[in-house]
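Student: As a plain string of letters, each chain reads:
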Amino acid sequence: MKTNLRKNSKAIIILVIIAAFLFVAARGMSGRDVLITVLRGFSTGSVTFLVAAGFSLIFGLLDVLNLAQGTLYMIGAYVGWTVYVRPDTFIDVLTPVLLILAGFSLSALWGRLASRIQLAPKARKIISWLLILAGLGLLALVLTRYPIAIWNLNNYSESPITYSYMADQGLRIIPAEVTFEKISPFLAIAGLLVSSAISAFGIALLNRNESRSQTINWRKFLVPALLLLGGILAAVFNAQITSWMFAMSTNWLFVIAILIAILSGVGLGALMETTLIRPLYSRPIYQLMLTLGLGTIGLQIVQAVWGRPEFVWPKPEFFTGTGGACPATNLADLLENNCSTVFLLGGRVRVYDEIFIPIVGIIVLIVVWILLKRSRIGMIIRAGVQDRQMVEALGINVRRVFTLVFALGVGLATFGGALAAPSTGLTPVMGERLLLSALIALAIGGLTSFPGAALGSLLVGLIQQFMIKYGQIGIPLPFTDVVFKPSPPLVPASTVLLMVIVLLILPGGLLGSKE
Amino acid sequence: MKNNSSFLTKNRGILIFFAVMLLAPFLIGLFEGSTPLMIWGNQGSLSKFIEGLGIEIFILALFALSFDLLFGITGLLSFGHAMFFAVAAYLTGIALKTLAMPFWGVVLLVLLAAIVQALLFSLVLPRVKGITFTLVSLGLASVFHIIVMSSDMINLTGADVGLQGVPVPAFISPVTERLRFYVIALTLLVATYLFYRRFVASPTGRVCVAIRENEDRAKMLGYNTTIFKVVVMIISSLTAATAGMLHALYQPSISPSIADLGFTVTGLLIVLIGGVGTLSGAIVGAFAFRLLDFTLRRFMGESASFITGAIYVIFVLFVPYGIVGTIRMRQLRTKPGWQRLLGMVKPKN
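Sequence order for the protein chains is L and D.
Numbered per this note's numbering, the first sequence spans residues 1 to 515.
Numbered per this note's numbering, the second sequence spans residues 1001 to 1349.
Be aware that one or more of the hints could be misleading.
[Claimed, not checked] Sample of chain D residues at the chain L side, in silico, Cβ under 8 Å:
(1) L1125
(2) R1127
(3) I1227
(4) L1261
(5) F1306
(6) G1309
[Unchecked claim] Pairs of lysine-lysine residues, derived as DSSO-like cross-links and limited to a Cα-Cα distance of at most 30 Å, are as follows:
(7) L:K10 <-> D:K1129
(8) L:K125 <-> L:K220
(9) L:K125 <-> D:K1335
(10) L:K10 <-> D:K1219
(11) D:K1010 <-> D:K1129
(12) L:K10 <-> L:K373
(13) L:K122 <-> D:K1129
(14) D:K1097 <-> D:K1335
To be clear, the hints were calculated from the coordinates, so they are not data collected in a lab.
From the three backbone atoms N, C-alpha and C, an ideal C-beta is built for every residue, glycine too.
Extracted from the complex, chain L is given alone in its bound form:
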C-alpha cells in the first residue's frame, strides 16, 4: 500500500489539486446548481467514456489509434435516429444488407474450393481482382435500382428535420411505400446474393492460403442460411413489419434503435479491421493515417445521406411525460407518470439527460470491467495488452480476438452516439467534438488503461460542465469587482490545458504505465 502510494504520488497530487479546484469552484454556487452541474458532468463523462473505452481497448490490444471513432460515434447516432424516426427506411435497407452479408459470409466456404484451383500466382491475382470488381459492379447496378423509401434533402417537407419535428409532436408521418418498379423483386434478391457471392469468391481466391486448413460441416452453412432467410423474410413481410414498427410504443422502438446502432457499429468495426486495418499492422503510422482518412470519408458520407442541417432525435415516451404529478418529487410519481423532469434539492433535473445517461454509463463500465477481469476473452485481451507475442505463442488465435476487440470498441462508440443523440441532437460536428473530448480523456487517464479512460472521461465531463456553468454565472475574480465569464470556446480549451499540464508532469497519464 505504502509503495503503491509512493509510486503514484504525482497522480494522486494532481487528483487532489483537481478535486480542490472543483471544491473551490463549487463553493460559489448554490447546492442546487452544484448537483445539476455534477450530474451533467457525469452525463457528458458517460458519453465520453463510451467512446474513450472503445478507444483504449483498441489501442491497448491492437496498438491502433482509431481516429475514426468520432465519426463512428456520429454514425451510431444517425443510424439510431433512422430506426427510431423512419422504421420503413430501416426495413427497406435491411434486406440488401442481410443479403450482401449472406453472400460475403460464404467466403469461408469458397476458400475450400479456391484452394483446389491451381493457377499461376499472377493469373490468380488478376482473376481474383476481376471477380471482385465484377461482383461489385453488379452490386452497384442492382443497388441503384433497389427501391428504398428515403427522405428528400432538397424538399423541406420531406427532410429529416421535418420528420423528427413531427415525431417530436407525436404525429408520425407515415411515408408512402415504394415498390419494385425498375427491377423485379426476385431479380433484385438473386442479383444481390450472386454479386456478393462472386466478390466473396474473388476475395477467397486472393488469399487462399489462410483458409486451406478449414474443415467444412453444416455449421459453416448456418450463418449464411440464417442471413439469407432473414433478408428474404424482411423483403416478403416488408409492409407488415413497417406498419408494426410504426404502431409500436416508442420505448421499444428506442431500445431497438439502440440495439441496431450497436450492431451496425460491431459490423462496421469487424469490416474495418478485417479489410483495411489488417494489412497495415506492420506500418503503424499508416494505420493512423488510414483511420483518420476513414473518419473524414465517413463524415462526408453522413453529410451526403442525412444532410448538413441539425435535427433532433425525439425522446421516447418513458422520458417525456409532463402531466399529473410532474415534475416528480419521489420515485413512485416518476415511474407512474414517466416524468421528463424531477425535483432534486429544489432544482429541476431532466431524467433522460442527467439521470438515465450516467446510469447507463456506469452499467457499461461495470459490464466491460467484469468482461475484462472475469471472462476468458477478457483474460486473453489483458494478456495481449501485456505481451502479444507470448499470447500467440501459447496457441491462441490472436487475430480473431483483434477483430472482436475492434468490433466491440466501435460498437461502444456507436452505442454512445445513439445514447447521446436524444439529448444533444444530431449535427455533422458532433463526432469531431466528441473525438477531441475522448482523446483528452484518454491522454489524461493513460492511453492503454481502462480505468484511466473512465477517470479521464469523468474529469473531462466535470470540468466541461463546470466551465459551462461558470460561463452563465461568471467567476468573481479575487481582490477586484470584475466578474469573469468564460465563453463557450474556453470549455474545450480548459480541458486541453489540463491535458497538457498532466502530460508535462506524467507523460503516461494519470493511471497509465510508466515507460
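Position chain D against the provided structure of chain L, taking the given hints into account.
Tutor: Using the frame of chain L, we list chain D on its own:
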C-alpha cells in the same frame, strides 16, 4: 561516369521545373492568342486563370513541404500542422484589416508568431513522444479552430463565414498584379525546396533522419535530440506560416476550414501522394492533388471530396511510398533497362 556535383547538376530537376513554370503563363497565353507582352501586362483570361491555379498549387506545396520536413524527415507526426498555416493566414488578415499595419511589419509579425508557436509546440516535445505528441498537437490545433469559429471573435475572424475584405497591398494584388504574385510564390517555393534539400543533406539534417529512424540510438550517440526537433519545428512552422500568409493575400476570404483537422489531412494526403520523406514528393503531390480535386469538382460536384478520400485510402493501402518514392525504388530496376535500350540505339564504340 564522372561525378559532377556542381549546384546546377545536382538540382537539375527543380531548376527545370522553375524555368518551365516561369514560362508556362506565356506559353499558355499563346493558345488563346495573347502575346507575351499582354501577359506581362496581366491581360488574357486563360493564362490568368492558370496562374491562379498555379499559385494555389504552390501554396499547397509549401505547406506540404513543411509537413514533410516534420513528418517525413524527422518523424514527428503532428495533427495540428494546419494551425501553423491558419494562424499565419488569420494574423495576416487581421493585421492588414483591423490593425492596418504596414505590409512589411505584418510579414515580420507573422514570422515572429510562427516562431512563438513552434516554441509553444516544442514545450511539450521533451516529455511527450510518438502518438502522445500527435494527440497533444491535435488538441492544441482543435482549440485554435474552436476559438476561430466562436462567436466571441466574430469581429476579428468572422467566425464560420470567414475573414473577408482583407486589403492587399497594391503591388502584389492578385487581381491586378497576378503575374508578379505568381512569380513570387514560385520563387518562394523553389527557394524553400533548395534550402530544405541543403538542410537535409547537412549534418543537422542527418541527425533529424537519425531521430526518425531511432531516437534512442541518436540520443545514445550524444545528440540532444530535443534541440534538433525544436529547430525542425521552427523551420517547418516558418514555412507553413509563409504559405499561410500567401493564402491570406491570394484568397478573397479566409475560411475557418483551413484551421481544422481536414486541412492537416489534406497536407498529409499531398505528402502521401508524392511520397513521404522525399521533399520533391510534396511538390508532385500538390500538383496531383490540386489538379485531381479541380477536375473532380468540375465533373462530379459535391461528391468529389468523397472520391478524394477514397484515393487517400487507396494510397495508404497500396502505394505507401507515393509517386516519387515508388519511382525511386523502381529506378534501380529500370535504369539498366533504359541503358540497354539506349545501347541498342546508340552505335557502340
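Student: Double-check R1127 of chain D for me: the hint is only fine if its C-beta lies closer than 8 Å to a C-beta in chain L.
Tutor: 5 Å, holds
Student: With 8 Å as the cut and Cβ atoms as the points, is F1306 of chain D at the interface with chain L?
Tutor: 5 Å, holds
Student: Would the hint on L1261 of chain D stand, with a C-beta cut-off of 8 Å toward chain L?
Tutor: At 7 Å from the nearest chain L Cβ, L1261 of chain D passes the 8 Å test, so the hint holds.
Student: Quick check on I1227 of chain D please, does its C-beta sit within 8 Å of some C-beta on chain L?
Tutor: 18 Å, violated
Student: Taking the least C-beta to C-beta distance, is L1125 of chain D closer than 8 Å to chain L?
Tutor: 11 Å, violated
Student: Take the C-alpha atoms of K125 of chain L and K1335 of chain D, compute the straight-line distance between them, and say whether it is at most 30 Å.
Tutor: With Cα atoms ~27 Å apart, K125 of chain L and K1335 of chain D stay inside 30 Å; holds.
Student: Holds or violated: K1010 of chain D and K1129 of chain D, Cα atoms, limit 30 Å.
Tutor: Answer violated: K1010 of chain D to K1129 of chain D is near 35 Å, above 30 Å.
Student: Please work out if K10 of chain L and K1129 of chain D have their alpha carbons no farther apart than 30 Å.
Tutor: Between K10 of chain L and K1129 of chain D the Cα gap is close to 20 Å, so the pair holds against 30 Å.
Student: Given the hinted pair K10 of chain L and K373 of chain L, is their Cα-Cα distance within 30 Å?
Tutor: 27 Å, holds
Student: For a C-alpha distance cap of 30 Å, please report whether K1097 of chain D and K1335 of chain D respect it.
Tutor: 55 Å, violated
Student: Given the hint that K125 of chain L pairs with K220 of chain L, test it: the Cα-Cα distance must not exceed 30 Å.
Tutor: Roughly 26 Å separates the two Cα atoms, so the pair holds.
Student: Given the hinted pair K10 of chain L and K1219 of chain D, is their alpha-carbon gap at most 30 Å?
Tutor: Within the cut-off at roughly 27 Å; holds.
When the structure is compared with the earlier hints, violations turn up for hints 1, 3, 11, 13, 14 and for no others.
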